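Colleague: In case you want the letters, here they are:
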Amino acid sequence: KQEVTQIPAALSVPEGENLVLNCSFTDSAIYNLQWFRQDPGKGLTSLLLIQSSQREQTSGRLNASLDKSSGRSTLYIAASQPGDSATYLCAVKRKVGGGADGLTFGKGTHLIIQP
Amino acid sequence: EPEVTQTPSHQVTQMGQEVILRCVPISNHLYFYWYRQILGQKVEFLVSFYNNEISEKSEIFDDQFSVERPDGSNFTLKIRSTKLEDSAMYFCASSGNTEAFFGQGTRLTVV
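These protein sequences, in sequence, are chains A and B.
First residue of the first sequence? That's 59 in this note's numbering, and the numbers climb one at a time after it.
First residue of the second sequence? That's 9 in this note's numbering, and the numbers climb one at a time after it.
Hints were generated in silico from the structure; no laboratory data involved.
Being a predicted model, the structure only gives us computed values, none of them experimental.
Take these hints with a grain of salt, some might be off.
As the list claims (entries may be wrong) - One-sided and incomplete, this derived list gives chain A residues near chain B with beta-carbon spacing under 10 Å:
1) Ala87
2) Tyr89
3) Leu107
4) Thr162
Note that beta-carbon positions come from the ideal geometry of N, C-alpha and C, so glycine has one too.
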């Protein structure tokens with residue numbers, strides 16, 4: 059059974075710092091990996107999707123990497139801003155069912171950027 | 009920009025009552041999902057739906073739950089006889105072959 063772990067559980071840093079959020083998963087046979095942002099009491103906003111054949115994806119100040127063989131992904135946030143404060147979730151989709159399979163989520167990293 | 013829409017945003021129901029949560033997925037997507045998030049816990053997969061039938065379901069999705077796509081646009085989750093432990097945020101999601109997009113959720117409170 060796939061398990062997804064995110065470290066750290068919480069992080070508080072001053073504005074302007076670069077930071078790295080970590081995600082690990084136990085079964086490397088994944089279809090893709092997706093990073094989401096969740097604001098309190100709100101839905102999930104997709105940030106980046108990495109296909110199993112890819113090593114990284116970039117969107118603005120965000121960069122996500124994937125090392126499938128070691129079961130790890132990182133989300134790098136450059137020049138953090140107070141508006142980046144949220145919970146960041148990592149989720150993997152297993153390979154077998156492809157598009158039809160559900161995502162397995164980690165518990166998330168609760169990020170606070172201090173102004 | 010296309011988005012997944014869920015209604016209602018909040019629902020309070022008495023234990024034992026039936027509830028129907030509604031979703032309008034993104035129009036050209038093929039796969040539809042329901043997830044739930046109990047307060048303070050992980051987002052958990054419930055069920056996926058493709059080609060007008062259930063593709064996969066988790067152990068949480070027991071006989072109390074059902075899904076339906078009654079027309080070309082709506083996707084519903086029905087809980088037949090709600091229990092206190094069904095209180096959670098329920099998210100609908102849809103995808104093409106890759107990226108999943110989530111709705112804003114329905115907060116269900118069972119009293």
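Colleague: Which hint numbers does the structure go against, in order from smallest to largest?
Modeller: 1
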